[in-house]
Structure formats: C-alpha cells, structure tokens
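These protein sequences, in sequence, are chains A and B. Residues in the first sequence are numbered from 43 upward in steps of one, following our numbering. Residues in the second sequence are numbered from 38 upward in steps of one, following our numbering.
Hints were generated in silico from the structure; no laboratory data involved. Only a predicted model underlies this, so the values are computations on that prediction, with no experimental measurement involved. You may find that some hints are simply not true.
Unchecked claim - In silico contact screen, one side only, chain B against chain A (beta carbon under 7 Å); selected entries:
{"#": "1", "residue": "80"}
{"#": "2", "residue": "139"}
{"#": "3", "residue": "141"}
As the list claims (entries may be wrong) - Derived BS3-like pairs: lysine-lysine, alpha-carbon spacing no greater than 27 Å straight-line:
{"#": "4", "chain 1": "A", "residue 1": "62", "chain 2": "B", "residue 2": "79"}
{"#": "5", "chain 1": "B", "residue 1": "52", "chain 2": "A", "residue 2": "86"}
{"#": "6", "chain 1": "A", "residue 1": "51", "chain 2": "A", "residue 2": "69"}
{"#": "7", "chain 1": "A", "residue 1": "60", "chain 2": "A", "residue 2": "86"}
{"#": "8", "chain 1": "B", "residue 1": "79", "chain 2": "B", "residue 2": "105"}
{"#": "9", "chain 1": "A", "residue 1": "86", "chain 2": "A", "residue 2": "62"}
{"#": "10", "chain 1": "A", "residue 1": "62", "chain 2": "A", "residue 2": "110"}
{"#": "11", "chain 1": "A", "residue 1": "125", "chain 2": "A", "residue 2": "69"}
{"#": "12", "chain 1": "B", "residue 1": "52", "chain 2": "B", "residue 2": "95"}
{"#": "13", "chain 1": "A", "residue 1": "60", "chain 2": "A", "residue 2": "125"}
{"#": "14", "chain 1": "A", "residue 1": "104", "chain 2": "A", "residue 2": "86"}
{"#": "15", "chain 1": "B", "residue 1": "94", "chain 2": "B", "residue 2": "105"}
{"#": "16", "chain 1": "B", "residue 1": "95", "chain 2": "A", "residue 2": "110"}
{"#": "17", "chain 1": "A", "residue 1": "86", "chain 2": "A", "residue 2": "69"}
{"#": "18", "chain 1": "B", "residue 1": "105", "chain 2": "A", "residue 2": "86"}
{"#": "19", "chain 1": "A", "residue 1": "125", "chain 2": "B", "residue 2": "79"}
{"#": "20", "chain 1": "A", "residue 1": "69", "chain 2": "B", "residue 2": "79"}
{"#": "21", "chain 1": "B", "residue 1": "79", "chain 2": "A", "residue 2": "86"}
{"#": "22", "chain 1": "A", "residue 1": "125", "chain 2": "A", "residue 2": "62"}
{"#": "23", "chain 1": "B", "residue 1": "105", "chain 2": "B", "residue 2": "42"}
{"#": "24", "chain 1": "A", "residue 1": "60", "chain 2": "A", "residue 2": "110"}
{"#": "25", "chain 1": "A", "residue 1": "110", "chain 2": "A", "residue 2": "86"}
{"#": "26", "chain 1": "B", "residue 1": "79", "chain 2": "A", "residue 2": "51"}
{"#": "27", "chain 1": "A", "residue 1": "62", "chain 2": "A", "residue 2": "104"}
{"#": "28", "chain 1": "B", "residue 1": "42", "chain 2": "B", "residue 2": "95"}
{"#": "29", "chain 1": "B", "residue 1": "42", "chain 2": "B", "residue 2": "108"}
{"#": "30", "chain 1": "B", "residue 1": "79", "chain 2": "A", "residue 2": "60"}
{"#": "31", "chain 1": "A", "residue 1": "110", "chain 2": "A", "residue 2": "69"}
{"#": "32", "chain 1": "B", "residue 1": "108", "chain 2": "A", "residue 2": "86"}
{"#": "33", "chain 1": "B", "residue 1": "52", "chain 2": "B", "residue 2": "79"}
Built from N, CA and C at the ideal position, the CB exists for glycine as well.
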Amino acid sequence: GEEVAQTPKHLVRGEGQKAKLYCAPIKGHSYVFWYQQVLKNEFKFLISFQNENVFDETGMPKERFSAKCLPNSPCSLEIQATKLEDSAVYFCASSQTGVSGNTIYFGEGSWLTVV
Amino acid sequence: QQQVKQSPQSLIVQKGGISIINCAYENTAFDYFPWYQQFPGKGPALLIAIRPDVSEKKEGRFTISFNKSAKQFSLHIMDSQPGDSATYFCAPRGSNDYKLSFGAGTTVTVRA
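The whole structure should be built from the sequences, with the hints applied where relevant.
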C-alpha cells in the first residue's frame with residue numbers, strides 16, 4: 043500500500059492484560075520503526091527492523107515488550123502485562139532504505155489506554 | 038542525555054506573521070535534519086529536511102536554516118496561515134542507526 047497502516051486505532055486494556063498492535067509498512071519499504079508518544083508530545087524510539095531482522099532494539103523495555111516483522115505478515119508490537127504507564131500512542135513508521143535521506147513515513151498511530 | 042533540544046514549547050502568531058522554531062543537537066553523527074508536522078490525531082509527516090552540506094533550504098513558505106558549527110537548525114514559517122496550526126518536531130537522523138531523534142515539539146497556533 044501507499045501508506046503505513048496501523049490497527050487497531052484504539053485499544054483499552056486492564057492493567058496486567060496483553061496488548062498487541064499491528065503495522066503494515068508501505069509496500070517495498072524494508073525498514074520499520076516503532077515509536078511511543080506519551081504526554082501528547084514526547085516521542086520515544088522503541089525498535090527498528092530491516093526486513094524481518096531486528097536492526098536496533100535499544101529503546102525496548104525487553105521484560106514486557108516484544109516485536110516481530112515476519113515475511114508476508116503485518117509487523118506487530120506486543121506488550122505483556124500492561125501497566126498504566128504504557129498508556130500512549132504507538133506509531134509505526136517505514137522507509138524504503140536505511141539511508142538517512144530516505145523519508146520515514148508514519149502511520150496514524152494506535153492509541154493504547156491502560157485502565 | 039537529551040540529544041535534541043527544541044524551543045519554544047509553544048508559540049502564537051497572527052495570520053501573515055513569521056513563526057520561528059529552533060533545534061539544538063549534540064550528536065555529531067546526525068547527518069539528516071528533518072522537520073515533521075503533526076496534527077491532532079494524526080501521525081507526524083515530513084515537512085522539510087536539510088543535509089549538513091547546505092546552510093539553507095526553502096520550500097514554499099517553509100525555510101530551514103542550518104548552522105553546523107553551532108549544531109543548531111531552525112524552521113521558519115513565513116506568512117503563517119491558520120492551517121499551519123500544528124505541532125512541529127525537529128527529528129535529526131543518524132548515519133549509523135537511521136532512527137529519528139525527536140525534539141520535544143513546538144505547538145504553533147496561528148490566529149486569524
């Protein structure tokens with residue numbers, strides 16, 4: 043597709059429940075990024091993939107967060123045992139290559155509310 | 038360690054006025070300097086970007102000025118319009134890890 047597609051748009055989970063978010067990058071893009079936006083503005087990098095391989099996971103809270111990008115499937119971000127502080131908008135983004143000049147395109151985000 | 042400092046946090050400008058947003062960075066590995074625009078409920082979208090080998094780039098009403106020695110770059114919005122009301126983020130990108138490092142954002146309100 044011509045846009046980064048994220049589902050669901052909104053998700054409500056009770057504390058301790060699992061949350062799973064999905065992302066279909068733009069067709070032909072080999073890099074996928076996940077960001078968390080909290081407090082309306084602050085963006086935190088979580089993880090990036092080059093095709094199905096993890097490229098950079100320095101932002102991932104590994105004890106509860108996991109992510110995958112498998113061939114012929116949407117990428118996913120899963121949060122086990124959600125906490126109140128996980129409430130945020132999660133953005134997926136993709137770029138054609140990793141070269142710095144390549145535009146990174148963002149989806150519209152998945153809004154996770156943990157109650 | 039905060040790598041990217043953006044200011045101001047918010048600004049209000051009259052229609053037709055100039056909006057100026059500044060970004061200072063520390064990481065010398067950054068080699069691509071974009072500004073993203075975000076409307077409420079939407080994802081950020083690339084507005085304009087500059088490479089470090091030029092000092093200024095203009096696209097329509099939007100201009101980036103880049104000062105490599107000072108490690109600063111700024112966004113100028115000329116003839117501001119109500120439709121420019123949005124949050125703007127500087128988000129320099131590294132040559133080694135490819136990810137964007139976002140500033141804290143500037144909420145611009147253009148009054149008609």
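Structure-based check of each hint:
1. Evaluation of the residue 80 of chain B hint against chain A yields a held restraint, the C-beta minimum of about 3 Å falling below 7 Å.
2. Annotation: interface hint on residue 139 of chain B holds; nearest CB of chain A at approximately 4 Å, less than 7 Å.
3. With 7 Å as the threshold, the beta carbon of residue 141 of chain B comes within range of chain A, its nearest partner Cβ sitting at about 6 Å, so the hint holds.
4. Between residue 62 of chain A and residue 79 of chain B the alpha-carbon distance is near 20 Å, which keeps this suggested pair within the 27 Å criterion.
5. Under the criterion of a C-alpha separation no larger than 27 Å, the hint pairing residue 52 of chain B with residue 86 of chain A is inconsistent with the structure, at around 33 Å.
6. Taking the CA atoms of residue 51 of chain A and residue 69 of chain A, the gap is about 20 Å. The hint holds against a cut of 27 Å.
7. A C-alpha spacing of about 20 Å is found between residue 60 of chain A and residue 86 of chain A, which places the hinted pair at or below 27 Å, so the restraint holds.
8. Note on residue 79 of chain B and residue 105 of chain B: the hinted pairing is violated, with a Cα-Cα distance of about 31 Å set against a maximum of 27 Å.
9. The hinted pair formed by residue 86 of chain A and residue 62 of chain A meets the criterion: a straight-line CA distance of about 18 Å does not exceed 27 Å.
10. Only pairs whose Cα atoms come within 27 Å are accepted, and residue 62 of chain A paired with residue 110 of chain A is accepted, the gap being roughly 11 Å.
11. For the suggested pair residue 125 of chain A and residue 69 of chain A, the alpha carbons sit about 33 Å apart, so the restraint of at most 27 Å is broken.
12. Between residue 52 of chain B and residue 95 of chain B the CA atoms are separated by roughly 20 Å; this keeps the pair inside 27 Å, and the hint holds.
13. Distance restraint check for residue 60 of chain A and residue 125 of chain A: the Cα-Cα separation of roughly 10 Å lies within the 27 Å cut-off, and the hinted pair is therefore satisfied.
14. Of the pairs offered as hints, the one joining residue 104 of chain A and residue 86 of chain A holds, with about 15 Å between alpha carbons and a cut-off of 27 Å not exceeded.
15. A distance of roughly 14 Å separates the Cα atoms of residue 94 of chain B and residue 105 of chain B; the hinted pair therefore holds under the 27 Å criterion.
16. For a cut-off of 27 Å, the pair hint linking residue 95 of chain B to residue 110 of chain A is broken: about 39 Å separates their Cα positions.
17. Restraint check for residue 86 of chain A and residue 69 of chain A: satisfied, since their Cα atoms lie roughly 25 Å apart, inside the 27 Å limit.
18. In summary, the hint linking residue 105 of chain B to residue 86 of chain A is supported, as the alpha carbons are separated by about 25 Å, within the 27 Å threshold.
19. The hinted pair formed by residue 125 of chain A and residue 79 of chain B meets the criterion: a straight-line CA distance of about 24 Å does not exceed 27 Å.
20. Among the hinted pairs, residue 69 of chain A with residue 79 of chain B is consistent with the structure: their alpha-carbon atoms are about 20 Å apart, no more than 27 Å.
21. Between the alpha carbons of residue 79 of chain B and residue 86 of chain A the distance comes to roughly 17 Å, so the proposed pair stays at or under 27 Å and holds.
22. Taking the CA atoms of residue 125 of chain A and residue 62 of chain A, the gap is about 14 Å. The hint holds against a cut of 27 Å.
23. Only pairs whose Cα atoms come within 27 Å are accepted, and residue 105 of chain B paired with residue 42 of chain B is accepted, the gap being roughly 15 Å.
24. For the hint linking residue 60 of chain A to residue 110 of chain A, the alpha-carbon distance of about 16 Å falls within 27 Å, and the restraint holds.
25. A distance of roughly 18 Å separates the Cα atoms of residue 110 of chain A and residue 86 of chain A; the hinted pair therefore holds under the 27 Å criterion.
26. The hinted pair formed by residue 79 of chain B and residue 51 of chain A meets the criterion: a straight-line CA distance of about 11 Å does not exceed 27 Å.
27. Straight-line distance between C-alpha atoms of residue 62 of chain A and residue 104 of chain A comes to about 15 Å, which keeps the hinted pair within the 27 Å bound.
28. Of the pairs offered as hints, the one joining residue 42 of chain B and residue 95 of chain B holds, with about 22 Å between alpha carbons and a cut-off of 27 Å not exceeded.
29. Proximity of residue 42 of chain B to residue 108 of chain B is assessed by CA-CA distance (about 11 Å); at most 27 Å being required, the pair is judged to hold.
30. For the hint linking residue 79 of chain B to residue 60 of chain A, the alpha-carbon distance of about 25 Å falls within 27 Å, and the restraint holds.
31. Our distance criterion of 27 Å between C-alpha atoms is met by residue 110 of chain A and residue 69 of chain A, whose separation comes to about 17 Å.
32. As the CA atoms of residue 108 of chain B and residue 86 of chain A are separated by approximately 22 Å, the hinted pair is consistent with the 27 Å bound.
33. Using a Cα cut-off of 27 Å, the hinted pair residue 52 of chain B and residue 79 of chain B holds, with the two alpha carbons roughly 23 Å apart.
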